[in-house]
Structure formats: structure tokens, C-alpha cells
Amino acid sequence: MTRTTQALVLTLVGATLVRLTLTDAYLRYVNAWMRWPLLASGVLLVAVALVVVLRQPAAADADHPQHGGHEPHEPHEGGGGHEDDEHAGHVSRSAWLLLAPVLVVFTISPPALGAYSAERSANELPASAAEGAELPLPPSEGPLEIDVVDFVVRVQFDEARSLMGREVSVVGFVSGDDEGNWYVTRMDMNCCAADAAANRIMVTGAEAPERNSWVRVTGEWDPLDGGEPTSTMAASDVEAVEAPRNTYG
Amino acid sequence: MTTTEAPRRDRLRLGQTELVLGVVLLALVSQRWLVPALDDEALGTWATMFVAIVVQAVPFLVFGVLLAAVISHLVTDRALERVVPDRAALGVPAAGLAGVALPGCECASVPVSASLIRRGVVPAVALTFMLAAPAVNPVVIVATAVAFPDQPLLVLARFLASLLTAVLIGWLWLWRGGRVPMRLPRGGGEHGGSFLGSVQHDFLHAAGFLVLGAALAAVVNTFVSREVLDSVAGQAVAGIVAMALFAFVVAMCSEADAFVAASLTAFSDTAKLVFMVVGPAMDIKLASMQAGTFGRGFALVFVPLVVVVATGSAVLVGGWLL
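Going line by line, the protein sequences match chains A and B.
The first sequence: position 194 = 194 (the numbering used here), numbered continuously.
The second sequence: position 309 = 309 (the numbering used here), numbered continuously.
Hints listed in this document are in silico derivations from the structure and should not be mistaken for laboratory results.
Treat the hints loosely; a few may be bogus.
Derived list of chain A stretches under chain B, where covered just means 3 residues or more per stretch with a C-beta under 8 Å from a C-beta of chain B [said to hold, decoys possible]:
1. 8-15
2. 37-49
3. 103-115
A virtual CB, placed ideally from N, CA and C, is assigned to each residue, including glycine.
Take these sequences, add in the hints, and give me the full structure.
Given below as C-alpha cells:
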């Protein structure tokens, strides 16, 4: 990789980060607080690349091969020329891989995680999620709006059963399972989207809307006769809504 | 990227930058057709996880590389020599702790320790520093804490197990290391160029391996069936062996590997710890660099020894703390 190409790759990575932050697309991948670190490192990468390119003499690329040409005239024993690359300011071939995320962002424009990953990883609650489950639900007129994760946590950990008999409404996307049930679902990320787990509530008493569409489900907890408490809602109303700005949480 | 390109590269070098620019612009222009054409649920999920790990890790990589460049320009080998005590048995833990203050990527720590040996530091002490510096420095600790926000014990376990690995290897080397052939490093080396040049070099180098690790972790999460994953991850021994092998093969930078470990949610905390302790200490890329710097005979002993000791330390500390 020539110096100029190195700088170009660096610029592309930096510019991609800046673009992701400015368009809010970064919220599909990482937590909201990553905004400033991402913006800063994107700008820094572009700046470093610019300075490196501007400082080198125009003919440097042609006169000083940065790669490849190095190997023939130093055939000492051992692993060969590859190690020399690490020392002399050359970049190993692995740097080419850095183009992959840039191209993936451009060509696939990866969406926020949806039904596909939710169906693979349902309700893997971390133990820490139990905190706050004992708080009583605030009184409300009409249905109380709560988070999907709040509902799931209360079903599993709330000894006082404060959900019982309350009318609540939750917002999430639609996912399904092999048996034809459907769920109102939110992905919950710990650190970034790659470690996200799904929280989902099975919905009964309403036709399944389109998979991956966003809905607000209003209804009551349906604890399913006697056995283990399950996250199930008997729906009284299902309405289509816009996807929220941050789809996780 | 493949070997067949090697002879052609000389002729193509002038057009390389334009070629890369062309491909990216083409992708940008054809976006409106490509995005619907590549709209597949599994592929989209893979891409989201892949981009998520890269995006989460890059700021830490940038910060780590910058800090390492600042420090290598401010702290000379000579200053380091003064910090390390004369008695080698005490020098080993001191070198391990010196790693706390000196962030640097794995690739930088090999030439640094080589230059320490050249300047007369006992090899066992220099090797301890080489193993500790990439694993226990503040950037790595903070990155690990961000990747595992609710598990401070895991962060502590990583620190202790990595330090234990470095010190154990150092003492082992003092005791038996004389029997292992070790080529004394040649002169020269270091990054030579300017401050920003070394930032650019270090970043590109480490980020390439980050991309590889992120892509593989996303494949495991997206395409490997849940049953297979749970059966490997569910067995304590199989999970630990799998994670140690994964760490060795993907050769990730220590500042980014915690995010990959956190994404492999099916595995136990101890298995994740093994991944984060083995990775910075030894992997394919370090093994090849060490074979080149210290000789093949050295690497044949050192590489398996470090993998075994690092795995053992992680299991021990994991069993105690997690």
C-alpha cells in the first residue's frame, strides 16, 4: 500500500465515522454517548491523513516503494520479509481490510437489528436487570406507557406482581417464532449492537402485523393460568407507529 | 492482497490510489441499486454487528495509538532502564507494572522489548514488559469497562490475569530461559518516521486485524446455529479452548478485543476472559513478529508456553473472581 493510498483509506474511514454521526445512523450500531468520541476520532483520522500527505514530497511514492520491493534484497533466515514490514513504517496487507467496513456501510447500509436477531436471542436478561423491579408502577389515568424491558423484568422478578390487572401500552417491532406466535420486541444493547439481546412480549388476541413493523400494543398482562409467569399480553388495541429515533432500549 | 498480486504491484503502484478511490465512488454512486439488491435479513444482521464492533472500537484504537506515539516520543528506552531495578527477580514484576503506565499496541511492544535487550536489559525482564504493556494499560482497562458496563469484576480479572501471565513467564524465563536459543536483535528498527507517520502506521496496522476479528465474531453471532453455539459454549472446557484458539487466530489489537468478547454472549465469562488474556499476550501476528525478531528456535518454545500460561492464568483468576 503506498503512502497516498494509506492516507486515502484513513480519510475514508474518518469520513465514514463523521457521516454516521451526523446522520444519526450511528444509533443503529452503538450507544448514544458514543456520538462525540466517534465525531472526534473521525475528524482526527482525516486530519492525520491530510497532514501526512501534505508533508511528503510529491514524488515520494514513486521513489521509495513502501512495500513489496523491500523483500528481495534481505533474504535472511526466519520468517522472511514480512517481519521487516512491521519495523520500517510499512503497513502490512491487513490494512486493506479497513476498506471492508466502509464498503459495507455504503452498499448494505446495515439497518438497526430487527426480528431476525431477536428470534435468535430472546429474553437473555442480565442479572442486573432485576434492579428496580420492586418499584411500584406509578398510578395513571388510562393505559400506562412502559418499556418492553420493564414489562419483561417485572414479569420475571417483581414479587409484588404490580403488573397484575394494570392496563399498559408498549412500543416495539414485530417478531415471530416457529409456532406462529407474535411478539412486540425491543433490542437492548449493553455496549454495541453486536452484544444486543432481545426483550419480547407475546401478544394474544390480535392478528400479527407485518414482521419488523413498529406497533404500540395496549393491553393487560396475561399471566397464563398458574404455571411459570410468562411475558404475555392480552391485547385490547394494536396500532402502527413510526420507528423511534433510537430503536434500542 | 493475495500472493498473485505481488509481482504486478510494482507496475500498478501509481494507479493504486485512483483504483481504491474509483471502487469507493462506484459503491457510493450505485448505492441506490445496491442497498435493495443486498437486502437480506441474515446479511443485514451480520453487517450491523460487524459495523457495530468496528465503530465501537475505532475511537479507542485512535486514542490508544495517539497516546502510544506521544509516550514513545517522550519516554526513551534509557528512562525505562532507570525504572527497572537491577535485581532481575524484582525486575520482572516491576516491568509488568511498568506496562500499566505505557500503552502501546502489541506490534510496538515487540520492537521496544528488542531494543531493551539490545541495551542490556535482562531478557526475562524485557519479555515481561513485552507481554504486560499491551494488556494492562489504562486504554485497555477503560475499553474493557465500556464493553462490560455491569461487570467491574471482569475488568479486574482481566488486569490480574494478564499481569500474572507476564510475571510468571518472566520468572520462568529467569529460571530456565538460558536453555532456549535466542537471537540477539539487530540494530535499527522503530518506526523511524514522523510522529503522525507512526500514528497512521500503527492505526492502519491494528485496524486491519480489528476488522478481521469483528467480521468473524459477527459470523459466529449471525450464521452459526444457536444449537451448535450453545453446545460449544455450554461446555466449560470446549468454550475455553474455542476462545483461546479464536484469540490466537484473529490476532486482534488489545484496545479493541473487549468489544468482540462482549459480543460473544453465548460464552461464559471465564471463556471471554481467556479470550482477552490470551489475545494481547500471543497470537498469529505476534508469533510471526517474534520469530523474525528473536529467531525461530525462540518462538517455538515461547509461543506455546505463553498460550498455555495465559489460558491457565485466566482460568485460575476467572474461577476465583467470576
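**OP:** Report holds or violated for chain B covering the region 103-115 of chain A, Cβ cut-off 8 Å, minimum 3 residues.
**Re:** holds (count 13)
**OP:** Three residues minimum, CB to CB under 8 Å: does the region 8-15 of chain A make the cut for coverage by chain B? Let me know.
**Re:** holds (count 5)
Original post:
How about the region 37-49 of chain A: do at least three of its residues have a C-beta closer than 8 Å to a C-beta of chain B?
Top reply: holds (count 8)
In this structure, every one of the numbered hints holds.
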